[in-house]
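If you count by the working numbering, then the sequence shown holds residues 526 to 732, one letter each, in order.
Hints listed in this document are in silico derivations from the structure and should not be mistaken for laboratory results. Heads up, some of the hints might be wrong.
Heads up, simulated DSSO-like pairs for lysine-lysine below, C-alpha to C-alpha not over 30 angstroms straight-line [said to hold, decoys possible]:
| # | residue 1 | residue 2 |
| --- | --- | --- |
| 1 | 671 | 582 |
| 2 | 582 | 572 |
| 3 | 572 | 603 |
| 4 | 671 | 709 |
| 5 | 603 | 709 |
Cβ pair distances, simulated, as ranges [to be verified]:
| # | residue 1 | residue 2 | range |
| --- | --- | --- | --- |
| 6 | 597 | 536 | 19 to 29 angstroms |
| 7 | 597 | 558 | 22 to 32 angstroms |
| 8 | 558 | 654 | 39 to 49 angstroms |
| 9 | 677 | 607 | 11 to 21 angstroms |
| 10 | 597 | 640 | 34 to 44 angstroms |
C-beta atoms are modelled at their ideal positions from N, C-alpha and C, and glycine is treated no differently.
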Amino acid sequence: MGKQARTPQAREDRVKAILAAALDQFSQAGFDAARLDDIAAQAGVAKGTIYLYFESKERLLEALVASTISAPLEALEKRVAASPASASDLLRDFGAFMTQAAADPDRRRVMHLVFSEGARFPALARFHHREVISRGSALIRAIIAKGRASGEFVHDEPERFPQLAFAPALVAAVWLHVFDPIEKLDASGLIEAHIAMLLRALTREVL
């Protein structure tokens with residue numbers, strides 16, 4: 526059985542090492558085939574040590590989602606809630622968040638794991654939907670509602686279908702993982718263009 530770390534910093538370092546090893550093993554072998562023994566060996570801990578922090582492989586993967594995607598999203602939620610900025614600027618901030626996610630290889634790998642394993646592990650899909658998709662959708666709805674209330678936005682499609690706002694992040698995640706060796710994608714440019722297109726549509730009357 527492994528031993529608990531003696532200090533908070535040692536515990537944090539150990540958890541980070543376990544999560545980094547888990548992401549490598551899940552990405553290389555697939556979630557189902559990945560072995561806790563290999564994760565422990567790569568992290569430099571005893572297998573029993575993993576159980577001191579995570580009760581199962583499923584909790585490990587959930588922790589990866591939480592640390593790489595949910596935590597930055599929570600920071601964005603707080604900024605938006607406290608910001609006096611216009612709805613347009615807040616939507617641009619959401620675009621910047623998606624750009625940062627697309628540029629982070631660990632976030633992309635976690636998203637690919639969710640895409641590839643979610644159908645076989647419904648609990649993982651539900652966790653990701655609750656912690657990422659639902660919260661991202663609520664954030665988009667709040668931004669669009671603010672713009673509608675102020676008269677800045679004259680349309681509400683992203684409020685009804687928030688997927689319209691975060692679609693380029695999903696496209697970028699899939700493209701960079703699968704097609705990038707064949708055709709390079711400027712993910713930052715794609716997301717910036719998408720947000721600009723949304724803002725033009727939201728602020729103009731349909732002729």
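Outcome of the hint check:
Proximity of residue 671 to residue 582 is assessed by CA-CA distance (about 40 angstroms); at most 30 angstroms being required, the pair is judged violated. Proximity of residue 582 to residue 572 is assessed by CA-CA distance (about 12 angstroms); at most 30 angstroms being required, the pair is judged to hold. At roughly 37 angstroms between alpha-carbon atoms, residue 572 and residue 603 are farther apart than 30 angstroms, so this suggested pair is violated. About 36 angstroms separates the Cα atoms of residue 671 and residue 709, which puts this hinted pair outside 30 angstroms; it is violated.
Between the alpha carbons of residue 603 and residue 709 the distance comes to roughly 34 angstroms, so the proposed pair goes past 30 angstroms and is violated. Hint check: residue 597 to residue 536, Cβ distance near 22 angstroms, so the stated range 19 to 29 angstroms holds. Between residue 597 and residue 558 the beta carbons are some 29 angstroms apart, a value that agrees with the proposed interval 22 to 32 angstroms. For residue 558 and residue 654, the Cβ-Cβ distance of about 24 angstroms falls outside the hinted range of 39 to 49 angstroms, so the restraint is violated.
Look at residue 677 against residue 607: about 19 angstroms separates their beta carbons, and that is inside 11 to 21 angstroms. Checked against the given bound of 34 to 44 angstroms, the beta carbons of residue 597 and residue 640, roughly 19 angstroms apart, lie outside it.
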